[in-house]
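The numbers in our numbering rise by one with no breaks, and the one at position 125 of the sequence shown is 125.
No wet-lab data here; the hints were simulated from the structure. Since the model is a prediction, treat every value here as computed from it, not as a measurement. Keep in mind that the hints are not guaranteed to be accurate.
Said to hold, decoys possible - Here are the simulated lysine-lysine pairs, DSSO-like style, with alpha carbons at most 27 Å apart:
1. Lys659 x Lys915
2. Lys1104 x Lys1115
3. Lys1097 x Lys915
4. Lys196 x Lys663
5. Lys626 x Lys637
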Amino acid sequence: MEEKSKDHRGLLNQGEENELEVFGYRTQNLRRALCLIASVLTCGVLLLVFYWKPQWRVWANCIPCPLQEADTVLLKTTDEFQRYMRKKVICLYLSTLKFPISKNPEEPVVADRHSVINQAVLKPELKLRCIQVQKIRYVWNYLERRFQKVGLLEDSNSCHDIHHTFGLGLTSEEQEVRRLVCGPNAIEVEIQPIWKLLVKQVLNPFYVFQAFTLTLWLSQGYVEYSVAIIILSVLSIVLSVYDLRQQSVKLHNLVEDHNKVQVTVTVKGTGESIPVTKTPLPRVDSTMAWKSHSLEDYRKHVLFCGTDVIQVKPSGQGPVRAVVLQTGYNTAKGDLVRSILYPRPLNFKLYNDAFKFIVFLACLGVVGFFYALGVYMYHGASSRDTTTMALLLFTVTVPPVLPAALTTGIVYAQKRLKKKKIFCISPQRINMCGQINLVCFDKTGTLTEDGLDLWGTVPTVDNCFQEVHSFASGKTLPWSPLCAAMASCHSLILLDGTIQGDPLDLKMFEGSAWIMEDCNADYGKFGMSDSNIVIKPGPKASWSPVEAIAILRQFPFSSSLQRMSVVTQVAGEDHFHVYMKGAPEMLAKFCKPETVPKDFPQKLRNYTVQGFRVIALAHKDLKMEKLSELQNLAREKAESELTFLGLLIMENRLKKETKPVLKELSEARIRTVMITGDNLQTAITVAKNSEMIPRGSQVILVEANEPEDFVPASVTWQLVENQENGLRKNETYLNIGNSSMPDGARGSCYHFAMSGKSYQVIFQHFNSLLPKILVNGTIFARMSPGQKSSLIEEFQKLNYYVAMCGDGANDCGALKMAHAGISLSEQEASVASHFTSKIANIKCVPQLIKEGRAALVSSFGVFKYLTMYGIIQFIGTSLLYWQLQLFGNYQYLMQDVAITLMVCLTMSSTHAYPKLASYRPAGQLLSPPLLLSVFLNTCFTCIVQICAFLYVKQQPWYCEVYRYSKCFLDNQSNFSTNVSLERNGTGNATLIPGSILSFESTTLWPIATINCITVAFIFSKGKPFRKPIYTNYIFSFLLMSALGLTVFILFSDFQDIYHGMELIPTLTSWRVSVLVVALIQFCVAFFVEDVILQNQKLWLWIKKEFGFSSKSQYKNWQKRLAEDPTWPPTHRTDYSGDGKNGFYINLGYEDHEQIPRAKLEMGGQSTEQHFWTRL
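Produce the entire structure from the sequences given, and follow the hints as far as they go.
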């Protein structure tokens, strides 16, 4: 159907995360009329089905057609969820505008020759076709025959195009055209109306089935439990609607506040909510696209949506102008808001398996339906009674309390997290946290303290490093070019007398002891512009020959370039200076080789291995004399042939919570990985000091290089050695030696470390090698925000459940991508993350995992209990149906309300166990232990209930009460009871109706009821993921009370109780037998569940003996690599097989026939080998 013609199908957002397939359809009036008639005949059921399945609605009402002719489109996501959406094609007419539009096809509608609007307007009709998908408008491009986004400036525009086409703004006519075509330039989050949220909740398939079930029960007089479920369901729906409404209001207010609050919103790629300097788009005549011309530094020309411009300084060529690049939801801010409004569905096995389980229970109900039909028809019952009783048995298997019970567990976990100052915007993620087995951490502000402290400077003179100037000594930094660089090479601004900007820049500037002033008339004699920042020596500064320095131009810092530079002028001089700072290894490339000390690599490594943050500084005299020339100065020219000035050393201490938390995660066999934008050597040292890399472990540096000329892409493996070098206590000096890895080390724990550049090369040219590195990759340094997100996704492809913990805006993408994103900041990162910790340290990570495990185990327990509860009632009811009977209302009520309802509302309130276990709980319902648990308990229930049903018939005092009332009454003298039954005029008992009163129901009911109580106890597993059951006081009290009440009813000889519960008094010995049988069933079930099914060692032994292998990709890779004698590689270089296509050829790794299939031994692993195995 969907592949009828090539023009019928297209793609939206090709290659992007939100890629969609689009199919064209045309509505047929005949089909539409038939669907309308069918909807009326089915009393709206067909409309409900169409609501759940929009693709069926389209297929029923429409026929496929080319997209160009379609009036309806069907959209399908290209991810694993394959979700469908239906959208109507909207036609816009430019003829409705107040001014005339040329109908000449040769004349463009708008001045921008690159604009899709020119290709979307059909002339002479002046018609434009569009669709609106998740707040984004797409127009039909008649030239390229596809739907394209509007509301953004095309990337194909060059710098010249932007300056000349848009420099003077748009005409009023073009503004109106764009306003009509692109829609309003606004990010408006409407507060969802309560009625709409309510309808969406009520039309959930489970609630619809629940409504059908309750209607049926109420019609049969089962009022009490039905009312209880209705009240609970209404409360559940109201709470859900309230929660969704609150989220809608919060998001609405957040978007509104971001448009009003006077702060400078963080620019993507920085990581702090601080003022950021923007630079003008270059005026060049190149035809190259403007983004390509500016490379990765293009963001420094962009004002992102929500930014408040707090200071403007014209460059001398007219007023400052800005060109709108994107509007509304096309902006970066709009994209973030859209990701919250339309979150990606959770691909969690629990929820997928839960649906399959419910389908299974429904199928069991269908079997019961046909069984009841057969039995009642065989006995000649009326068709009304037959249908009613069959439907009753059908509804028994799927407990209506299920959604409320599962929601309750999440609510309890959310409340416990809130007490620990951890807030959640995606409650369904809490269960997923129970499966986390890999945690990625940002470094600065997450593992280490947020702020940096100045430690010292290492100046250079005549190509040699000088003595270290220590800031701890209290001595003022002496004047030198290095001091001038520290005072001037930054992006700080003076706002209302206060210096603002990047904290690192601020610390560096304060270390120079200089002060900042706005340029005024006093400096006019030095030839400085009054729009520049001026710095001069402060009262505490050392003597300086310089009176003042003006910062004339900035080439701003970016994480991709790893450097920044400024052009300055000293007061009284007529020439300029360039100062540059950045990552030492990057900056050294821009310096004259003769000015860089020969021992530069060793000196740099000496500091980075101690965990210091090192920044290098450089300088050169600029051979220019006119200020006007500076505006056209290319960055490449300014940043060349510099003189190396020295190093600035800054200290970044570990947070005191870091080491114990990482140790706790390691003992729980949860992998930890560092993803940082900092220096690689610094990251390695922090990982060693925090024991993320345990002592004695090997570190292998992975360095990859892009292909050049005729040399293909390469990857080099170098072993990092530990050497005691007389440095500070407990520190190591890293040296890349030439020794090979010892034989004993190959089987032990080793860790790969790499930079973002190497990761990118491996991703592009050695993709098949990437999984082998990732299963033991621990340190990823100099990673850009995009690379962080990509790395998280690659880990997920290996079947890891990944958590990401970070605090900066450059972590937003990774936080969103992870299964659990944990923000330690209340700024931008908290909007993107699923969880936000008010306490800014990583203690929240194990707390979240503990609560996630407890919630997951609770969900499994509740699900198992409700499944067994349905099956227990189904078996008992089916047996009674055999003789056209069923349990009494109050018998059901005792099981449903006093036990099941109360148990489900309190079972999940057991707190998390305080210690993380060394293995995770089961992650799927369809796992052997859980299926066996349900299956065996079902078998026990079947055996006991069937035997009891048959055995009671063999008793000498038994009679079929519902057939032979006189026989029953005549035998009353045989019972050891004081209950007396009255007779009516017909001689029958007036106790209860004959369809309920029987010895079978009197025997089965206490067995089934005690069975419900005991399975609730058995499935409420405590240690190792939850505290013991007795700590859940309410739950324990309810279980004991229910058991006590059941036993009391069983042994009581009160006529009113028997009359109310619709039971028949029996011999005391028979009642004892019933209780003994129920207790024996409990003992057997408890032994099987606790000793066999929950025995982790037993299951590991079974897996080992029978050769069951894990389906997880990372486990399979670990197993294969552990058996490969050539892995890990050290001190060698590998090349890609093809410099262009970049596939990795190395038969020693890739030939599967060479990999032995011996089993991986699970025992004897030390805690340092925490990611070799997973229980």
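* Taking each numbered hint in turn, which are not upheld by the structure, reported in ascending numerical order? -> Of the numbered hints given earlier, the structure breaks just one, which is hint 4.
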